[in-house]
Amino acid sequence: MTTGNVTNTAYDVCSWYSTSASAGAVRSTRGLAWSRCGRPIHQEPMELADDLRFDRESHGQIGIGPVSDHAAPFGVMTSRKREQMSNSGPTLNDYAQSILTARVYDVAIESPLEPMTRLSERLGRPVLLKREDLQPVFSFKLRGAYNKIVKLDPRARERGVICASAGNHAQGVALAAGKLGIPATIVMPRTTPTIKVEAVKRLGGDVVLHGDTFDDAQARARELEVERGQTFVHPFDDPDVIAGQGTIGLEILRQHPDAIEAVFVPIGGGGLAAGVTAFIKFLRPSIKVIGVEPSDAASMAAAVSAGETVLLDQVGLFADGVAVRRVGTETFRLCNDLLDEIITVDIDAMCAAIKDIFDDTRSIAEPSGALALAGLKAYVERGGIGSGGLIAVNSGANLNFDRLRTIADRAEVGEHREALLAVTVPEKPGSYRRFIRILGSRAVTEFNYRYANGSMPAQLFVGIALSRGETEKKEVIAFLEDEGYPILDLSDNEMAKTHVRYMVGGRAPNLQNELLYRFEFPERPGALMKFLESLAPEWNISLFHYRNHGADYGRILAGVEVDPGERARFVSALDALRYPYWEETENPAYRLFLSGQRNT
1 MTTGNVTNTA
11 YDVCSWYSTS
21 ASAGAVRSTR
31 GLAWSRCGRP
41 IHQEPMELAD
51 DLRFDRESHG
61 QIGIGPVSDH
71 AAPFGVMTSR
81 KREQMSNSGP
91 TLNDYAQSIL
101 TARVYDVAIE
111 SPLEPMTRLS
121 ERLGRPVLLK
131 REDLQPVFSF
141 KLRGAYNKIV
151 KLDPRARERG
161 VICASAGNHA
171 QGVALAAGKL
181 GIPATIVMPR
191 TTPTIKVEAV
201 KRLGGDVVLH
211 GDTFDDAQAR
221 ARELEVERGQ
231 TFVHPFDDPD
241 VIAGQGTIGL
251 EILRQHPDAI
261 EAVFVPIGGG
271 GLAAGVTAFI
281 KFLRPSIKVI
291 GVEPSDAASM
301 AAAVSAGETV
311 LLDQVGLFAD
321 GVAVRRVGTE
331 TFRLCNDLLD
341 EIITVDIDAM
351 CAAIKDIFDD
361 TRSIAEPSGA
371 LALAGLKAYV
381 ERGGIGSGGL
391 IAVNSGANLN
401 FDRLRTIADR
411 AEVGEHREAL
421 LAVTVPEKPG
431 SYRRFIRILG
441 SRAVTEFNYR
451 YANGSMPAQL
461 FVGIALSRGE
471 TEKKEVIAFL
481 EDEGYPILDL
491 SDNEMAKTHV
501 RYMVGGRAPN
511 LQNELLYRFE
521 FPERPGALMK
531 FLESLAPEWN
541 ISLFHYRNHG
551 ADYGRILAGV
561 EVDPGERARF
571 VSALDALRYP
581 YWEETENPAY
591 RLFLSGQRNT
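Heads up: the sequence shown begins at 1 in the UniProt record's numbering, then just goes up one per residue.
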């Protein structure tokens with residue numbers, strides 16, 4: 001590939017030597033270090049790649065930065081795979097050269113590699129996060145986009161570029177085109193988060209919304225490519241794009257020269273995984289590179305299983321940045337040959353990883369941005385052992401704010417910090433309070449109940465906080481069953497978590513004297529029990545909704561059966577609680593959806 005003006009390449013390149021003792025002898029190992037110090041470049045980029053290859057073949061080991069005592073020599077398996085790759089497309093040498101000469105730093109930053117202190121302590125392993133969410137467009141995608149577009153000839157630049165994207169690649173193309181003064185048409189699925197659509201427009205891209213998936217958008221982009229004569233910038237299946245993304249692998253090895261056990265990379269179409277894997281396996285093949293996909297959008301795992309790219313019937317859209325039905329031909333070739341494995345994770349695991357990132361960095365990743373960390377955690381939980389660092393790539397942070405509500409609700413379940421249970425209790429006064437009393441000091445995170453029929457048992461939807469994960473959940477279920485309560489575990493029930501928890505209730509046609517109130521009370525241990533005990537036992541609770549959102553104050557919606565002659569005394573009892581409350585009996589929403597007596 002053409003290198004262009006080397007003064008515009010990613011890094012100044014300096015030569016250095018490091019020594020280490022091996023087998024009683026002092027061994028000199030040639031290496032390379034990159035900096036943005038502005039010093040003159042000592043070698044042409046292509047010569048650098050040749051030098052890398054020479055050192056690798058001569059010494060059996062080459063490192064970026066000081067060579068770790070734990071660094072292993074290049075293995076026979078990787079050499080075999082390198083030979084196989086040379087017969088069917090660009091070799092690892094080719095990709096290493098392309099990555100070394102990639103033109104990305106006109107628009108991208110060298111993102112930091114940050115330790116995740118809290119998560120490391122919890123997992124007992126050193127965890128680091130590659131912060132691609134700190135790029136100017138809040139994702140890694142501008143690297144590959146710019147590296148592709150900057151190489152276009154003047155005539156192609158004049159006609160402009162076009163791409164299809166779920167959002168992050170779109171922003172990268174729009175930024176790159178704007179930087180170079182090139183017109184850009186961006187075709188995006190209609191499901192793309194508004195924040196990404198608006199960002200592309202602000203960057204000067206001409207946005208076309210089409211279809212519900214990336215594949216729908218790409219089909220339309222290909223049609224417009226022919227109609228307008230523009231150059232199609234593929235989001236992942238292009239060697240120049242792959243090389244641009246591969247600069248992340250280069251940075252990781254330079255930033256963390258010590259032992260690395262595994263690098264975890266999210267997979268959508270496979271461009272990021274292919275580029276990072278190619279560079280790491282060229283220089284440090286002993287490092288595991290593990291791809292991570294959503295369980296409902298695992299297109300690369302399906303391709304590896306089939307031995308060829310396959311078209312998934314459908315993909316989940318929660319992690320919209322990786323919602324790709326078919327991976328690329330070239331990305332599949334690289335990932336199939338070089339990835340050590342692929343891990344799939346569910347929505348809850350991604351939400352929990354988003355929370356982990358927030359806890360350590362006070363930043364919020366999008367679901368696809370937290371995907372790699374979710375895979376890293378799954379790797380550790382299943383017993384992945386080693387002495388080196390574990391690195392996850394946070395690929396982006398383009399998240400619609402209103403999605404945080406769902407993420408917060410799902411994170412605790414994904415971290416096994418909350419159990420969601422369906423509990424059967426007798427439908428009679430006092431049974432509700434008795435159940436809370438039996439729970440004792442356990443923190444209740446959610447409680448939903450609606451009176452249905454006095455002759456039938458009542459169903460409670462209960463959330464209970466956990467500190468010891470699955471083990472504690474099993475203990476809680478066994479304890480409640482011993483107390484005579486039939487239990488159904490809903491913690492892994494997708495419909496229950498997504499819909500039913502918000503729909504427990506409905507009308508109770510047999511209730512004639514129900515009053516509805518909203519309450520606020522200090523959120524502290526035992527507060528819910530105190531609230532229930534404060535209501536006189538002769539007043540039956542007919543509706544109850546409580547959800548702990550981590551705020552200082554808990555919020556409750558409660559229905560209570562009160563005879564007309566007792567209302568004054570009931571209100572006095574509420575006043576004695578000294579909690580703020582509001583009557584909602586005449587609220588039209590209550591009349592329409594919860595009351596047995598509709599408005600007339």
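Derived by calculation from the structure, the hints in this document are not laboratory data. Predicted model, so just to flag it, every value in this text is computed and none were measured. There may be inaccurate statements among the hints.
[As the list claims (entries may be wrong)] Cross-link-like lysine-lysine pairs, in silico, DSS-like; alpha carbons within 27 Å at most:
| hint | residue 1 | residue 2 |
| --- | --- | --- |
| 1 | 201 | 151 |
| 2 | 201 | 288 |
| 3 | 497 | 474 |
| 4 | 179 | 151 |
| 5 | 428 | 530 |
| 6 | 201 | 179 |
| 7 | 497 | 473 |
Now the hints, each set against the structure:
Between residue 201 and residue 151 the alpha-carbon distance is near 24 Å, which keeps this suggested pair within the 27 Å criterion. This hinted pair does not check out: residue 201 and residue 288 have alpha carbons roughly 39 Å apart, beyond 27 Å. Between the alpha carbons of residue 497 and residue 474 the distance comes to roughly 19 Å, so the proposed pair stays at or under 27 Å and holds. The hinted pair formed by residue 179 and residue 151 meets the criterion: a straight-line CA distance of about 13 Å does not exceed 27 Å.
With a CA separation close to 20 Å, the supplied pair residue 428 and residue 530 stays within the 27 Å bound. A threshold of 27 Å between alpha carbons decides the hint, and for residue 201 with residue 179 the separation of about 14 Å falls inside it, so the pair holds. With a CA separation close to 17 Å, the supplied pair residue 497 and residue 473 stays within the 27 Å bound.
Of the numbered hints given earlier, the model fails hint 2 alone.
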